[in-house]
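Undergrad: If you want the building blocks of each chain, they are given just below.
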Amino acid sequence: GAGVSQSPSNKVTEKGKDVELRCDPISGHTALYWYRQSLGQGLEFLIYFQGNSAPDKSGLPSDRFSAERTGGSVSTLTIQRTQQEDSAVYLCATMGTGPYEQYFGPGTRLTVT
Amino acid sequence: GQNIDQPTEMTATEGAIVQINCTYQTSGFNGLFWYQQHAGEAPTFLSYNVLDGLEEKGRFSSFLSRSKGYSYLLLKELQMKDSASYLCAVRDRTGGSYIPTFGRGTSLIVHP
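If you read the protein sequences in the order shown, they are chains A and B.
150 is the number of the first residue of the first sequence in the numbering used here; add one for each residue after it.
5 is the number of the first residue of the second sequence in the numbering used here; add one for each residue after it.
Bound conformation, chain A alone (with noise of 0.2 Å):
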C-alpha cells in the first residue's frame, strides 16, 4: 500500500488478557517505530526497529511489552496480561532512508476493561 496501515483500528480487551497490535509499514522503509499516546499526553517512544539490528527496546514500560518485525517488514506488538494503564492509542511509524520524516500509521486505539 501506499502507508502505513495498523489493525485492528479498535480493540477492547479485558484486563489480564493478551493482545496483538499489528502494523504494516510502507514498501522498502528499513526504520520502524512504535509509539503509544495516551489521552492528552505526547507520545511515548516504546521500541524501534532498524533493519537487521537489534531492535531498541528502551521505551518498553514493562517486560509484559514485546515486539518482532519479521523479515524486515510487518511488525507487531504483543502485550501480555493487559492492565487498565495500558489504554492508550498505539501508533506505529516508518522512516526511509532518504528523507528524515516518519510516516505514521492510522493507530490502533486499545481500551482495557
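Source of the hints: derived by calculation from the structure; they are not laboratory data.
The structure displayed is predicted, hence computed values, not measured ones.
Glycine included, each C-beta is placed from N, C-alpha and C at the ideal position.
Worth double-checking, as some hints may not be accurate.
[Claimed, not checked] Output of the computed footprint for chain A on chain B, the stretches with three or more beta carbons under 8 Å from beta carbons of chain A:
1) 61 to 71
2) 105 to 113
[As the list claims (entries may be wrong)] So the derived label-pair ranges between C-beta atoms look like this:
3) A:Q229 / B:T15: 39 to 45 Å
4) B:T48 / A:R258: 17 to 23 Å
5) A:R171 / B:K72: 40 to 46 Å
6) B:Y74 / A:G177: 32 to 38 Å
7) B:E81 / A:E234: 40 to 46 Å
8) A:R213 / B:G19: 45 to 51 Å
Fit chain B to the supplied structure of chain A, relying on the hints for placement.
TA: Below, chain B alone, put in the same frame as chain A:
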C-alpha cells in the same frame, strides 16, 4: 534523554500569524521535527531542521537555533483547519539509535 518543552495551548484568530515555541535539552542533537495532529488522527510531518535558520514551506515556517536549544513553528494566514495539536520532536544520536522524542504538543485553537 531529552527535555522538550512547548506551551500546552494557544489560541489565535483566523487570518492571523501564530508562533509556537519549543525548547529542548539534548546531548546528541540530530534534528528537530514538527508534526501536526488533528484530533483522532495520526501525526503528519510538517518540517525538519538540522541546521540553524529558517525553513519555509508555504504558510508554515520552522526555525532552529542549536546553540539556544530553541525552535519555533510559524503559521501564517491561519485557517480554521489549522486547529490541531502541534508536536515538536527532537532526534538524539546518543547510542546510535536516532530515536525522535516527542514533546506533549501544543493545542492550537483558531477562532473566527
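Undergrad: Now, for every hint given, state plainly whether the structure supports it.
TA: Hints and how they fare:
{"no.": "1", "hint": "61 to 71", "verdict": "violated (count 0)"}
{"no.": "2", "hint": "105 to 113", "verdict": "holds (count 5)"}
{"no.": "3", "hint": "A:Q229 / B:T15: 39 to 45 Å", "verdict": "holds (43 Å)"}
{"no.": "4", "hint": "B:T48 / A:R258: 17 to 23 Å", "verdict": "holds (18 Å)"}
{"no.": "5", "hint": "A:R171 / B:K72: 40 to 46 Å", "verdict": "holds (42 Å)"}
{"no.": "6", "hint": "B:Y74 / A:G177: 32 to 38 Å", "verdict": "holds (35 Å)"}
{"no.": "7", "hint": "B:E81 / A:E234: 40 to 46 Å", "verdict": "holds (42 Å)"}
{"no.": "8", "hint": "A:R213 / B:G19: 45 to 51 Å", "verdict": "holds (49 Å)"}
Checked against the numbered hints given earlier, this structure breaks only hint 1.
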